[in-house]
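S.K.: The primary structure of each chain is shown beneath.
There are 2 protein chains.
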Amino acid sequence: MTQHVDNLDCIFNPRSIAVAGVSEERGNLGRDFLAALVDFSFAGALYAINPKGGQILGNKIYGSLLEVPGPVDYVIGCIPAKLTENLLELCVQKRVKVLHLFTAGFGELDSRGAEIEAKLAKIAHQGGVRIIGPNGMGIYHPAGGISFSSNLPKEAGNIAFISQSGGNAFQAIRLGNNRSLYFSKVISYGNALDLNETDFFEYCAKDPKTTIIAAYIEGVRDGQAFIKALVQATQNKPVVLVKGGRGKAGARAIASHTGSLAGNEVVWEAVFKQTRAIRADTIEDMIETICVLQYYPKTVGGRVCIVGFSGGVGVLATDACETAGLSLPVLDTSVQEELKTFAFFSNAAGSIYSNPVDTPLVVMDRSALLRILNIVARAENIDWIFAHLRLGVGSDDFSREASLKQLAETFIEFGQAGVKSVVLVIDPTATEAYPKTVAEIREDAFQAGILVSSSFTSAAKAVASVVEYRATVLRLRNSLKSVDE
Amino acid sequence: MTQHVDNLDCIFNPRSIAVAGVSEERGNLGRDFLAALVDFSFAGALYAINPKGGQILGNKIYGSLLEVPGPVDYVIGCIPAKLTENLLELCVQKRVKVLHLFTAGFGELDSRGAEIEAKLAKIAHQGGVRIIGPNGMGIYHPAGGISFSSNLPKEAGNIAFISQSGGNAFQAIRLGNNRSLYFSKVISYGNALDLNETDFFEYCAKDPKTTIIAAYIEGVRDGQAFIKALVQATQNKPVVLVKGGRGKAGARAIASHTGSLAGNEVVWEAVFKQTRAIRADTIEDMIETICVLQYYPKTVGGRVCIVGFSGGVGVLATDACETAGLSLPVLDTSVQEELKTFAFFSNAAGSIYSNPVDTPLVVMDRSALLRILNIVARAENIDWIFAHLRLGVGSDDFSREASLKQLAETFIEFGQAGVKSVVLVIDPTATEAYPKTVAEIREDAFQAGILVSSSFTSAAKAVASVVEYRATVLRLRNSLKSVDE
Numbered sequence: 001m002t003q004h005v006d007n008l009d010c011i012f013n014p015r016s017i018a019v020a021g022v023s024e025e026r027g028n029l030g031r032d033f034l035a036a037l038v039d040f041s042f043a044g045a046l047y048a049i050n051p052k053g054g055q056i057l058g059n060k061i062y063g064s065l066l067e068v069p070g071p072v073d074y075v076i077g078c079i080p081a082k083l084t085e086n087l088l089e090l091c092v093q094k095r096v097k098v099l100h101l102f103t104a105g106f107g108e109l110d111s112r113g114a115e116i117e118a119k120l121a122k123i124a125h126q127g128g129v130r131i132i133g134p135n136g137m138g139i140y141h142p143a144g145g146i147s148f149s150s151n152l153p154k155e156a157g158n159i160a161f162i163s164q165s166g167g168n169a170f171q172a173i174r175l176g177n178n179r180s181l182y183f184s185k186v187i188s189y190g191n192a193l194d195l196n197e198t199d200f201f202e203y204c205a206k207d208p209k210t211t212i213i214a215a216y217i218e219g220v221r222d223g224q225a226f227i228k229a230l231v232q233a234t235q236n237k238p239v240v241l242v243k244g245g246r247g248k249a250g251a252r253a254i255a256s257h258t259g260s261l262a263g264n265e266v267v268w269e270a271v272f273k274q275t276r277a278i279r280a281d282t283i284e285d286m287i288e289t290i291c292v293l294q295y296y297p298k299t300v301g302g303r304v305c306i307v308g309f310s311g312g313v314g315v316l317a318t319d320a321c322e323t324a325g326l327s328l329p330v331l332d333t334s335v336q337e338e339l340k341t342f343a344f345f346s347n348a349a350g351s352i353y354s355n356p357v358d359t360p361l362v363v364m365d366r367s368a369l370l371r372i373l374n375i376v377a378r379a380e381n382i383d384w385i386f387a388h389l390r391l392g393v394g395s396d397d398f399s400r401e402a403s404l405k406q407l408a409e410t411f412i413e414f415g416q417a418g419v420k421s422v423v424l425v426i427d428p429t430a431t432e433a434y435p436k437t438v439a440e441i442r443e444d445a446f447q448a449g450i451l452v453s454s455s456f457t458s459a460a461k462a463v464a465s466v467v468e469y470r471a472t473v474l475r476l477r478n479s480l481k482s483v484d485e
Numbered sequence: 001m002t003q004h005v006d007n008l009d010c011i012f013n014p015r016s017i018a019v020a021g022v023s024e025e026r027g028n029l030g031r032d033f034l035a036a037l038v039d040f041s042f043a044g045a046l047y048a049i050n051p052k053g054g055q056i057l058g059n060k061i062y063g064s065l066l067e068v069p070g071p072v073d074y075v076i077g078c079i080p081a082k083l084t085e086n087l088l089e090l091c092v093q094k095r096v097k098v099l100h101l102f103t104a105g106f107g108e109l110d111s112r113g114a115e116i117e118a119k120l121a122k123i124a125h126q127g128g129v130r131i132i133g134p135n136g137m138g139i140y141h142p143a144g145g146i147s148f149s150s151n152l153p154k155e156a157g158n159i160a161f162i163s164q165s166g167g168n169a170f171q172a173i174r175l176g177n178n179r180s181l182y183f184s185k186v187i188s189y190g191n192a193l194d195l196n197e198t199d200f201f202e203y204c205a206k207d208p209k210t211t212i213i214a215a216y217i218e219g220v221r222d223g224q225a226f227i228k229a230l231v232q233a234t235q236n237k238p239v240v241l242v243k244g245g246r247g248k249a250g251a252r253a254i255a256s257h258t259g260s261l262a263g264n265e266v267v268w269e270a271v272f273k274q275t276r277a278i279r280a281d282t283i284e285d286m287i288e289t290i291c292v293l294q295y296y297p298k299t300v301g302g303r304v305c306i307v308g309f310s311g312g313v314g315v316l317a318t319d320a321c322e323t324a325g326l327s328l329p330v331l332d333t334s335v336q337e338e339l340k341t342f343a344f345f346s347n348a349a350g351s352i353y354s355n356p357v358d359t360p361l362v363v364m365d366r367s368a369l370l371r372i373l374n375i376v377a378r379a380e381n382i383d384w385i386f387a388h389l390r391l392g393v394g395s396d397d398f399s400r401e402a403s404l405k406q407l408a409e410t411f412i413e414f415g416q417a418g419v420k421s422v423v424l425v426i427d428p429t430a431t432e433a434y435p436k437t438v439a440e441i442r443e444d445a446f447q448a449g450i451l452v453s454s455s456f457t458s459a460a461k462a463v464a465s466v467v468e469y470r471a472t473v474l475r476l477r478n479s480l481k482s483v484d485e
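Line by line, the protein sequences give chains B and H.
Mapped onto the numbering used here, the consecutive letters of the first sequence carry residue numbers 1 to 485.
Mapped onto the numbering used here, the consecutive letters of the second sequence carry residue numbers 1 to 485.
Hints are supplied without guarantee of correctness; some may be wrong.
Identical chains blur together in the list; that is why a pair holds if it fits in one copy or across any two.
[What the hints assert, rightly or not] Straight-line C-alpha distance at most 20 Å; calculated DMTMM-like pairs for lysine to aspartate or glutamate:
hint, residue 1, residue 2
1, K60, E432
2, K436, E401
3, K94, E401
4, K122, E85
5, K237, E468
6, K405, E432
7, K248, D39
8, K248, D332
9, K154, E432
10, K340, D110
11, K248, E67
12, K436, E202
13, K122, E89
14, K209, D9
None of these hints come from the bench; they were simulated from the model.
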């Protein structure tokens with residue numbers, strides 16, 4: 001009798017979970033999984049399993065899955081690879097719905113491992129058990145009390161992350177946590193023996209708790225099905241996707257990692273072109289792009305004004321924006337005239353007021369900076385203000401920690417008003433001089449929904465990706481409209 | 001009578017300096033210049049000038065340059081633009097050798113400013129006074145007791161930085177200071193009314209205190225002369241060059257900044273191809289590239305082995321290296337076999353030992369990590385080890401601050417032994433969790449001559465630039481040899 005799981009909801013909302021392979025041995029990850037479920041206040045029944053029996057974290061350890069008294073929806077397998085087939089057979093007997101295999105040592109090792117995977121897939125299919133993994137961290141679903149580690153935030157959010165790598169899942173959740181980004185669901189699915197990227201894309205596309213989908217993918221099992229799922233997902237939700245394994249060595253690396261086939265880079269470029277998925281090169285880039293999607297939901301244009309405290313920095317910032325595909329329009333004449341009549345500007349040689357706006361001599365004065373920002377804010381041909389924060393060049397107040405914070409607060413305050421979309425770029429010299437203060441500034445800004453970046457290059461890249469995405473969406477919407485008419 | 005300065009030594013080693021335009025007013029930069037010279041223990045005579053007279057920093061303020069009793073070699077002008085012509089004429093009368101004009105408001109403003117510049121150039125030329133600037137910070141020459149700010153390191157080093165931007169000069173010196181890189185001379189020359197990039201390249205190429213030349217250039221005055229000077233400079237010393245103003249808005253930005261003409265990007269690409277100058281896109285990239293030149297003077301090859309703690313991170317690190325032009329050879333079979341027989345690896349499913357080397361389960365053990373590094377060190381087809389440091393994924397020790405530091409120290413220790421060139425990439429999640437500890441690790445590493453980078457992308461870019469440069473140098477040397485034979 002097959003017992004297929006048509007809806008993946010049971011994965012994220014199981015009634016009970018059993019962890020197989022727990023022990024009090026140092027480095028035992030089964031214990032970590034169990035502890036995380038306890039920490040996250042998983043509401044269903046929890047069971048620990050190890051043939052040796054005993055007690056763990058206040059729970060009885062059952063000698064076998066079959067000894068567990070109640071029904072078990074979800075099993076986490078932290079057992080050696082050679083015992084996996086047996087565990088799976090017990091899952092079938094116990095009518096378990098999902099087996100998550102943390103266990104590695106299958107298809108990523110050799111062809112023998114791939115054969116075992118195929119055999120497991122067959123047993124699972126016939127027995128009606130779905131498999132996540134092997135070689136993955138499984139599920140992080142804070143709203144449902146499920147996590148693969150205690151050391152992760154308990155806050156639930158609106159972002160889904162479908163990740164073939166457990167390490168990258170941790171990185172994304174942690175980077176997100178420091179940027180006020182929280183997750184609806186994170187799935188680390190490893191070798192994708194059974195459930196794969198396509199299944200999870202289909203699920204997340206429909207999941208009402210998810211408004212943004214992110215993914216790290218090394219290889220896909222079924223290209224046609226995947227593209228179909230991706231197209232569907234991108235129709236309603238922005239998708240930010242990192243494709244791992246671009247070159248020759250990259251392809252070898254992913255074969256060793258998850259036993260995946262990288263696929264041709266040319267094909268992947270076509271995938272990004274065909275679908276509306278936004279490409280990011282690294283997990284950091286992915287998170288910055290999500291910040292832009294989340295913090296500035298309504299900003300459509302790509303016209304930037306740079307406000308900073310050095311002509312040279314302004315020039316390189318301009319280069320970074322233009323290279324990324326953003327534009328830096330000359331400020332309206334009326335705005336320029338107003339800046340010119342502003343005392344600081346008319347007196348201060350070395351000031352630049354066309355765009356970038358360079359304000360070297362106003363740096364000591366918070367209200368002067370706010371006044372400048374308010375003048376720039378009236379420029380109708382500007383969508384974004386990229387503000388630059390760095391150490392001063394003289395013995396002026398600006399070189400001091402307190403002043404840095406004051407200026408940062410001025411930018412944040414102005415950004416919160418929402419007239420223009422403000423991005424804050426903090427120079428590494430400032431971060432290296434005052435790491436604690438900059439950490440505080442970052443926290444304040446991220447909580448206010450203002451992206452902080454450590455370089456114009458990465459800020460411009462993230463903003464440009466989103467601007468391009470929104471332009472495509474608008475174009476498609478308009479073309480559909482004209483078809484309707 | 002003309003009195004040309006043939007040798008620029010007098011700029012860097014004047015017998016006396018006068019600062020014109022000092023006052024105790026808030027934000028007066030003249031006072032900062034004077035204070036910096038005092039702080040840097042400038043050994044020659046120092047004079048302060050302001051028509052209002054008075055006292056400053058224990059010095060008498062002279063009413064005019066002509067009132068100064070002794071000879072004056074070097075004048076720093078912090079006066080309004082409209083008084084500049086008069087000051088220059090006084091310099092001619094006083095037989096001053098060099099006038100540095102901090103003053104801005106000339107060619108970068110409008111065509112009228114450009115006309116004034118031309119007039120000043122004529123007076124200076126006829127009167128035998130050389131001019132640095134206007135609109136530049138001037139000279140930082142710590143060995144000679146000259147600095148344009150008190151807030152800069154007093155240590156002298158081997159790097160010259162020729163910068164058209166004062167802000168970028170500050171940034172480079174400060175970033176360098178945190179990376180054990182120190183400067184022989186830094187010149188912030190602004191609008192280049194008289195002395196320009198070509199003069200400074202010629203000087204630095206011959207300067208025995210300078211072994212590496214860096215430059216930030218917006219536009220050049222005489223293309224032919226510049227290329228000749230650049231070719232000559234690159235013949236004996238590596239040159240790392242940032243060209244500001246790539247696109248349309250970038251060209252506008254540099255016109256507003258230093259009144260320069262950007263020149264065509266295509267032409268600049270040809271310049272980089274024709275000369276051996278290494279191109280960097282940002283000041284941060286420039287400094288990382290200099291770190292690679294300085295820390296790893298003998299590493300010629302571009303073969304990298306990645307050692308880290310996550311398969312997914314290893315994949316993206318591989319992509320970053322390959323994209324930058326570095327190779328990731330498969331480790332010698334004997335090395336792989338040794339890693340395989342190593343207990344941690346044979347037991348730990350999920351480990352990868354071909355390259356990247358992924359060591360998830362040894363993270364708790366410092367001696368195990370050292371043993372792994374020593375095995376990898378025997379691989380003859382590897383020049384570089386890129387080590388990755390990040391937070392752990394379980395409740396293991398590795399997630400803790402102390403452990404992070406221990407592992408970092410292991411990498412640093414191994415790097416110091418010098419068998420392979422080690423670069424440390426510290427994940428932003430680690431930096432965000434433990435900013436203070438990571439700051440300490442960075443300091444330790446930089447002092448040990450080990451590059452620390454916050455991403456594989458930037459580390460790979462810096463290393464690849466230097467590897468390419470050294471390959472070109474070797475190729476040219478070999479072709480010259482074969483001509484000799």
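S.K.: Hint by hint, say whether it matches the structure.
M.R.: Hint check:
no., hint, verdict
1, K60 - E432, "neither (50 Å within a copy, 38 Å between copies)"
2, K436 - E401, "both (10 Å within a copy, 16 Å between copies)"
3, K94 - E401, "neither (62 Å within a copy, 43 Å between copies)"
4, K122 - E85, "within (11 Å within a copy, 89 Å between copies)"
5, K237 - E468, "within (15 Å within a copy, 43 Å between copies)"
6, K405 - E432, "both (15 Å within a copy, 18 Å between copies)"
7, K248 - D39, "neither (42 Å within a copy, 55 Å between copies)"
8, K248 - D332, "between (50 Å within a copy, 17 Å between copies)"
9, K154 - E432, "between (31 Å within a copy, 18 Å between copies)"
10, K340 - D110, "between (70 Å within a copy, 14 Å between copies)"
11, K248 - E67, "neither (49 Å within a copy, 73 Å between copies)"
12, K436 - E202, "neither (42 Å within a copy, 43 Å between copies)"
13, K122 - E89, "within (11 Å within a copy, 93 Å between copies)"
14, K209 - D9, "within (12 Å within a copy, 69 Å between copies)"
The structure is inconsistent with the numbered hints 1, 3, 7, 11 and 12, although it conforms to all the rest.
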